Amino acid sequence: MTSVNKLSYAVLDIDAAAEAEKICAGLREALRTRLHRRGFVVALSGGVDSSVTAALCVQAVGKERVHGLLLPERDSSGSSLELGRTLAEQLGIAYHVQDIAPTLDAIGCYQWRDEAIRRVFPEYQANWKSKIALAGGNEGRLNYFNLVVQSPQGEIKQARLGLNEYLQIVAATSYKQRIRKTVEYFHADRLNYAVAGTPNRLEYDQGFFVKNGDGSADIKPIAHLYKTQVYALARHFGLPERICAAMPTTDTYSMAQGQDEFYFVLPYREMDLSLWAYNHNIPAAQLAESLGLSVERAQFIYQDIEKKRRTTAYLHTSALLVEDVALGASA
Amino acid sequence: MMEAKHIEQQLRGYILENLLFTKDQSVLKNETSLLESGVVDSTGILEVIMFLENHFGIKVEDEEMIPENLDSINSIVSYVQRKRAA
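So the protein lines, in turn, are chains F and A. Last residue of the first sequence: 331 (our numbering), numbering continuous. Last residue of the second sequence: 86 (our numbering), numbering continuous.
So that you can see chain F by itself, here it is in the shape it has in the complex:
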């Protein structure tokens, strides 16, 4: 594959029908031989990844064996719930809507987050909005995070986050993904189903998930697909246009936040091509030409891919043991 002279987005083209059938065969095989469960639970965010995952599960085992979950909270966009519901109804699957805000409130998610925010902006109130934005890396500086807050009057303030506030805000907001996963496993156990996780390849490879939150699942059917390819499957399945055309967001903070603002250094299409090129040993100069960037910038993108893999490697590991524990034939 390294022989391509001109790197183009065509390298990401897939035969969507064949790919879907391959994944469905894998899903059925996993249920039969490894998971010993009778269907799938999928949490639907209204985004393209969870929508395609649900559609694949339906094709694999039938709509009667797929259960959707819509799990909004206080900072979710209203359209997430609406799109998730539209998708569930189009697929014809059973689903539950559970507002997890009261649970998050009871466990202290919002209070811990807001307390850390107020250490940076004492004037911040519950009716303000907030988000975290990645900074520095694009200007050749070390990566760091800015906290951005917005008053009800629309005034926006921004400041670099110190260590303790950064850690506390991320830990508090990670409650959202972890509580969602707890609800998913409740329904999976209740129905004797497996939990289908929804990361795409960019998220899986670059560690863009919460450990024991959205990173947890019994099977991750689209983890090998670049985001561009997930969109291709969405169109193959005829999913609602608003899902096929939506830009990826985190839907975790109350201010609008694109994934490329929070984590990735490029919009997803360029990020897909960059990761593909990196995985196929394409020289940075060739990537630079395709993206219309300087060679230095393309080299930085490669370095960032390596750095994110390195720093998130632990998210993929299960609990470490100091000494091996033999578990017999299944170990």
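The reader is advised that the hints may include incorrect statements.
Simulated pairs of lysine to any residue, SDA-like, Cα-Cα distance not exceeding 25 angstroms [as the list claims (entries may be wrong)]:
id, chain 1, residue 1, chain 2, residue 2
1, F, K307, A, Q9
2, F, K307, A, L19
3, A, K59, F, Q158
4, F, K307, F, T250
5, F, K307, A, N30
6, F, K220, F, R235
These are computed hints drawn from the structure, not numbers from a lab. These numbers come from a predicted model, not from an experiment.
Following the hints, position chain A against chain F.
For chain A alone, coordinates are given in the frame of chain F:
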């Protein structure tokens, strides 16, 4: 100006004790890239910055968050000296 040796000892002590969990001075060379060697990641850099700000009474500005200032014991020592002299 605070002596380079003093800054280096304080910094080494902090990194060895809090980030590397060892007293073995040989595991960390002054010229080693902290990021590339995996001694610190993006969170670790924030820890180092918090230590510098609290311990040496400096404020690390956004535009100073570059590897040339913060990526090795040697570069941090020079950076802290420049900041304290300013």
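request  = Take the C-alpha atoms of F:K220 and F:R235, compute the straight-line distance between them, and say whether it is at most 25 angstroms.
outcome  = At roughly 20 angstroms apart (the allowed maximum being 25 angstroms), F:R235 and F:K220 satisfy the hint.
ask   = Taking only the CA atoms, is the gap from F:K307 to A:L19 under or equal to 25 angstroms?
value = holds (18 angstroms)
query = Going straight from one Cα to the other, do A:K59 and F:Q158 come out at no more than 25 angstroms?
reply = holds (17 angstroms)
ask   = Keeping to a limit of 25 angstroms between CA atoms, is the pair of F:K307 and A:Q9 held or broken?
value = violated (28 angstroms)
message = With the threshold set at 25 angstroms, check whether the alpha-carbon distance from F:K307 to A:N30 stays at or below it.
response = Judged against 25 angstroms, a Cα distance of about 22 angstroms means the pair holds.
ask   = Is F:K307 within 25 angstroms of F:T250, Cα to Cα?
value = holds (21 angstroms)
Checked against the numbered hints given earlier, the structure breaks only hint 1 and satisfies all the rest.
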